[in-house]
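K.L.:
Residue-level listing of the chains:
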Amino acid sequence: MGSQYPPSLRFHLSGLILILETAFIILFYFFVSYDHRSHQRDFAIYPAFQDVNVMVIFGFAYLMAFLRRYGFSSTGFGLLLAALGVQWVVIVDGFLFNFSDGEVKINLQSIVAALMSITTVLISAGAILGKVNLMQLVGMAVVELTAFTVTRWLAVDQLQIKSHVSLMHVHLFGAYFGLMVSWVFNDASLSLRVEKESSKPVSELFAMLGTLFLWMFWPSFNSVLIKDGAEKLAAVYNTYFAIAASSVAAFSFSVATSKNGKLSMAHIRNATLAGGVALSFSASTIRQPWIAMILGLAAGAVSVLGFAFLQKLLDSPLKIHDTCGVHSTFGLPSILGGITHVILTMIDNQENLSILGYSVLIEVGALSLSMAVGLLGGILTGFFLRCKLWKAPPVTKYFDDQAYWEFPHLAVGY
Amino acid sequence: MGSQYPPSLRFHLSGLILILETAFIILFYFFVSYDHRSHQRDFAIYPAFQDVNVMVIFGFAYLMAFLRRYGFSSTGFGLLLAALGVQWVVIVDGFLFNFSDGEVKINLQSIVAALMSITTVLISAGAILGKVNLMQLVGMAVVELTAFTVTRWLAVDQLQIKSHVSLMHVHLFGAYFGLMVSWVFNDASLSLRVEKESSKPVSELFAMLGTLFLWMFWPSFNSVLIKDGAEKLAAVYNTYFAIAASSVAAFSFSVATSKNGKLSMAHIRNATLAGGVALSFSASTIRQPWIAMILGLAAGAVSVLGFAFLQKLLDSPLKIHDTCGVHSTFGLPSILGGITHVILTMIDNQENLSILGYSVLIEVGALSLSMAVGLLGGILTGFFLRCKLWKAPPVTKYFDDQAYWEFPHLAVGY
Amino acid sequence: MGSQYPPSLRFHLSGLILILETAFIILFYFFVSYDHRSHQRDFAIYPAFQDVNVMVIFGFAYLMAFLRRYGFSSTGFGLLLAALGVQWVVIVDGFLFNFSDGEVKINLQSIVAALMSITTVLISAGAILGKVNLMQLVGMAVVELTAFTVTRWLAVDQLQIKSHVSLMHVHLFGAYFGLMVSWVFNDASLSLRVEKESSKPVSELFAMLGTLFLWMFWPSFNSVLIKDGAEKLAAVYNTYFAIAASSVAAFSFSVATSKNGKLSMAHIRNATLAGGVALSFSASTIRQPWIAMILGLAAGAVSVLGFAFLQKLLDSPLKIHDTCGVHSTFGLPSILGGITHVILTMIDNQENLSILGYSVLIEVGALSLSMAVGLLGGILTGFFLRCKLWKAPPVTKYFDDQAYWEFPHLAVGY
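Chains as they are written, first to last, in my numbering: chain S, 76 to 489; chain G, 76 to 489; chain R, 76 to 489.
Warning: the hint list may mix true and false statements.
Given that identical chains are not distinguished, each listed pair holds provided it fits within a single copy or across any two copies.
In the DSS-like style, the derived pairs of lysine-lysine whose C-alpha atoms are separated by at most 30 angstroms in a straight line are [unchecked claim]:
id, residue 1, residue 2
1, Lys337, Lys463
2, Lys302, Lys180
3, Lys334, Lys463
4, Lys463, Lys394
5, Lys334, Lys180
6, Lys337, Lys387
These are calculated hints, taken from the structure and not from any lab test. If you're wondering where the values come from, they're calculated on a predicted model, not measured in any experiment.
Whenever a hint applies, use it, and build me the whole structure from the sequences.
P.N.:
Next comes the structure, spelled out in C-alpha cells:
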C-alpha cells in the first residue's frame, strides 16, 4: 500500500525541509545573536514558558489526535511544524520588532512569542487535516507565519496595539486562515472522507489529554508576556474563572442540544476551552471575576451552538469542511472575545469621548486587520498550495500504514 | 441504546449546572474581588500552583480512567466537578476565612486552596463511580465541598490547626465520605457491575499517566501553601523520599501477597502514592529523611495489604463497594499518617507536658472531626442523593456509546 | 500462563528490594541530613527540578512504552528503578562529593543530580528490555549507578570537569553500558523475540507522549544545575534550537532513507531528541545559535542513519541486540556531541597553546573515562547478572497477562 507514487517524489519533502533548515541556519549566522540584557525577566517567565511550550508542542497536537486515522500524523506533524516554525518566527519577528545595528537580539520572550505565533498554524492545520500532505502543511506554515507576524507588526507599529495583546489574535487568524484554505481544497471526495474522520474511544482519551493540558496552562498562555504584575495576575485569575465557566457551559449546552440527552465528546473536548480563547483580548484589563465568568459562560455556549448548528451549514452550502471544528473552538469564541473587548474598552473610557472613539477605532481596526489578512491570506495560500508543485501522496501515506491494514480495528493513530 | 428515558429528563443536568453557575456569578458579583496585596507571594507559588492544577484536573481524572467502561466519564466528569468546585470553594472558603467589609478578597492562594479541596470530591467519586449519575455527582460535590470547608474552618478557627495542615485532611475526608455514599447506594446489582469494572491494558496505561503525574507533583501538593522557607523545602524533600519508599513497598508487597508471584497493576497504580498521602500531615515538621522513608514504606505496605485483604471484607460483609479502591489508596495511608503525626508531636513536646497534652488533644481532635464529618456527611449525602429528585439515566449513558456497541473490543473509555 | 515457576521464587524480588530499602533507611539514619544553607537557590531551581522529574519518571518510561508487550512493564519498572535509584545515588553521591564531619548534607540540587544520574539506568534498560527480569534490572541499577557516580567523581575530582558537565555523560555511559549487558545476554532465541517487539498504533501514541515531554523539557535538563545566569540561559536557548533542528533532520532523513518514501515512527520518536543529547556537553559554552542548530541537525541525521544502517550491523555480526535503539538515540549523538565539544574547546583556546592542550586532554580524558567504564562495567555487570542467583521468571511474566491472552488484539502494554 502507499507505494503507487514514483520514488522520486520522496525527495521532495526531505529536500524541502532540509533547504528550509539550511536557510534558517544561514540567516541565524548573519543576523541572530543572544540578548543578555534581560536575564531577570527571562528567568521569571521560565516556568510559564514551559507551560506555553507544553500547550504548543503537546496540547494542540494531541487535541487533534481524536481522528482515528490521523492520530499519529497530528502528533508527529505538529512537532515538525513547531520545530520549523519557531526558528522562522524568531527570524521574521526579530527583523520586524528587534532589528538594530544589523542584528536581531533574541531572548526567552522571543521564543515564547514564536511559540504563541505557531498556534495559528496548528489551528489552521486542524481545519485541513486529511486534505493536504505534509509538504503542503510545511508550505502553509511558512506563508501563514509570515503573514501573521507582518499583521502583528502592523497592529503594534501602526495601531499601537500592545505587543502581548497582538499575540492574542492567533485564534482568530488561525481559524479563518485555515477555513479559507479548506474552502479552496473542498472537492467531491468529501463524503468519502467522513469515515476516516470518525473517532474511537481510545483516540478520544488521547485527545482529552490535549484538552486538559491546554485547559490547565491557558492562564500561562494569556499572561506570560504581560509585564505589569497586577495585570499579569489579573490575566491568570480571569482566564481561570472564564475557562471554568466555559466548561460548565460546555456540559450544560451539550446535553441540551443533543437529541437524546447525551453529552457529545466533541463538545466537551473543544467547548471547554472556549473561555480561554474568548478571554484572550481582555484577560489583563477585566477587573472583576464575574465579568470573566459571564464571558466564559457565553463563549462555551457559543462554541457548543456552533458545533451543533453552524458546522453543517459551513459544510454543505458554504462548502467549507472543518475537520476538527476549529471554527467553533477558536473562531467563534475569538470573535465573541473581540466584540466584548471593544465594549469593555468603551465602558472604561465612556467619560472621555475623544479617547473612547480613538480606542474603539484601534481595537476594531486590529480585529478587522487580523480577520481580513486571515481570510485573504487563507484563500491565496489555498490556491498556492493547489499548484502541481506540491503534488505528492496524501498525508496519511507518509506513515507506514501496514499495521492499519492488518489490524483495522486498532488503527487509532493513522 | 440509552434513549429509553423520557426526553424531559435531559434538561435536568443541563439546567442544574446552569443554575449553579448563574448563582456563582451572582455571588461573585456581590462579594468577590481580587486581592492585589500579595503579588510577590502569588508569583512565587505560581509554578507549584500549576503542579497542583495538573494533579487535580489531570492526575486524579486519569487515575480513575483504568475502568474500561468509565474512562471517558472519569476524565470528563472530573473536569466538570473541578470547574464547578473551584468557584464554589472560593466563595465558601472566602466567606469563612477572608470576609471583611462585606467583601471576599481572593488571590492565587485562594485558588490553590480551592483546587486542593476539590481532591475530596474526586476521591469520593472514585468510590462511587458507576453507581450514580452525573447529576448526583454534581449534587455530591456541592454538599461535600461545603461540609469539608466548614470542617476545615472549625479546625483552623476553633482548634488552631494551621491552615495548610487543615487542607491535608482531604484524603481522609474524601475517602470516608465516598465510602459512606457508596454504602448507601449499595444494592443487589453489585455483582453485575463487576464486568464493567474490569480494566484493559490500554486503559491501564492511561491510568498510569494519572499515577505518574500525581507521584511527580506530590511534593508540590504537600508544600505549596507553606510559608516558611525551611519548612517548605523540608516538605518537598520528605514527600519525595516518602513516596519513593512507598513505591518500593508497593512493588515488594504486591509480589509477596499475590498467589502466583505477579505484580498487580492495581497495587502499583495506587500504593505507590501512599507515601505522599501518609506524609501530608507531618511533611513540614519531620526533620530527618529516614523518618519520612519509614513512614512511606509503612504506608505503601498498608495500602497493598488493604487492597489484598481488606477490600473484599468491605465489599461483602460491610456492603461497601469501593470502585477504585480509594480506601486503600487514600483512607488507610491517611489514618496511618494521622497517627504518626500525633506520635511525632508527642515526641517533639515530650519535655513540656502541658504543651504535649494540648498539642495531642488538638491533633487528635482535628483528625476525629474530619473522620466524623466525613462519615456522617457521607451517609446523609447518600440518602439525599437517593431521592427521586435525582433519578436520571445511569452515568455511563450520558455519552453516546454507539461506538462501544459496535466495537465492544475497543471500548476503553466508556 | 506464567505460573510454571515455583512459588518460592516470588519472595526473591519482594525480599531483594525490601532489603535494599531497609539498607537505604539505615544509611540515611546514620549519615544523611538536610542542608538548609541553600534555600534561595533551591527555590530558584524548583520549577526546573519538576521538569527533570517529569523527564525521568514519566518521559523515559513512556518513550519505551511503544513495545506492545512491554508497555506497562516499561512504565511500572521505570518507577521502581527511579524510586530505588534516587535514594541510592543521594547516598553514593553524598559520600563522594558532600561528606564532611561524618555527615552527608543534601538539598534539592542533590535530588536533581540523583534524578539525572538515573537516566543512565533507564537508557541501559532500553537496550535490554525483554531480555532480563525485574530483579536483574534492580541489580543492574545498583551496580550501574555506583559505577557512574564513581566515574563522575573521578572526572570532577581528578580531571577538574565541572560538576554539571559531568552529569551530561549520562547518555554516553548509559547507552554503552546497556549495549554491553545486552551483548552478554545475547542468545539464540533472539529471532523469537522480534514478534514481541512489534509496536501498535496505540502504543506508538503512548510512546510519542514520552518523546514530546522529553523534547519539551530538555532545555531544563541541560541547564538546571548551571549556576551562572548567562550560561544557564545560553544552555536553554542552545538546547531549544538544537532540538528543533534535530527534529527537522529526523523528518528529512527518515523520508530520504526509507524505501518507499514514508516516515518511520521509530525515527521520529527517537531522532527528534538527538539534538538535546548532542548539545549536552557544550550547551552552556556555545555562544551563537547557528552553531547549536548545525550540531542539532547533524545529530538528528546521525541518529536516523544509525537506525537505518547501523542497527542491523549491531544485531547480526556483533550480536548486540538493542531493543529500543538506544545506540542511535543516545550513543551516537552523544559521541558526536563529545567530539564537537572538544573541537569547540580547541577553537576557544586556540590563542593559548598551553591551555589548549590541557583543556583538550581533560575533555578527551573525561569522555574516554565514561566510555571505558561504561563498556567494561556493562560487560562485568552482564556476566554478574547471568549468575544462577538471579534466575527468575522472565520480566513480562510479572504482570498478570490474562487479559493479553484473552484479547490479544488489544494487548498494548504487555
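K.L.:
Could you run down the list of hints and mark each one as holding or not?
P.N.:
Structure-based check of each hint:
1. Proximity of Lys337 to Lys463 under the C-alpha cut-off of 30 angstroms is restricted to the inter-copy arrangement: shortest distance 20 angstroms between copies versus 45 angstroms within a copy.
2. With identical chains, the CA atoms of Lys302 and Lys180 are at most 30 angstroms apart both within one copy (19 angstroms) and between copies (23 angstroms).
3. For a Cα distance limit of 30 angstroms, the shortest separation of Lys334 from Lys463 across copies, 24 angstroms, qualifies, whereas the shortest one inside one copy, 44 angstroms, does not.
4. In this homomeric assembly, Lys463 and Lys394 come within 30 angstroms of each other (Cα to Cα) only inside a single copy, at 22 angstroms, whereas the closest approach across copies is 48 angstroms.
5. Taking the shortest Cα distances, Lys334 and Lys180 never come within 30 angstroms of each other, neither inside one copy (56 angstroms) nor across copies (43 angstroms).
6. With identical chains, the CA atoms of Lys337 and Lys387 are at most 30 angstroms apart within one copy only, with a shortest distance of 19 angstroms there and 34 angstroms across copies.
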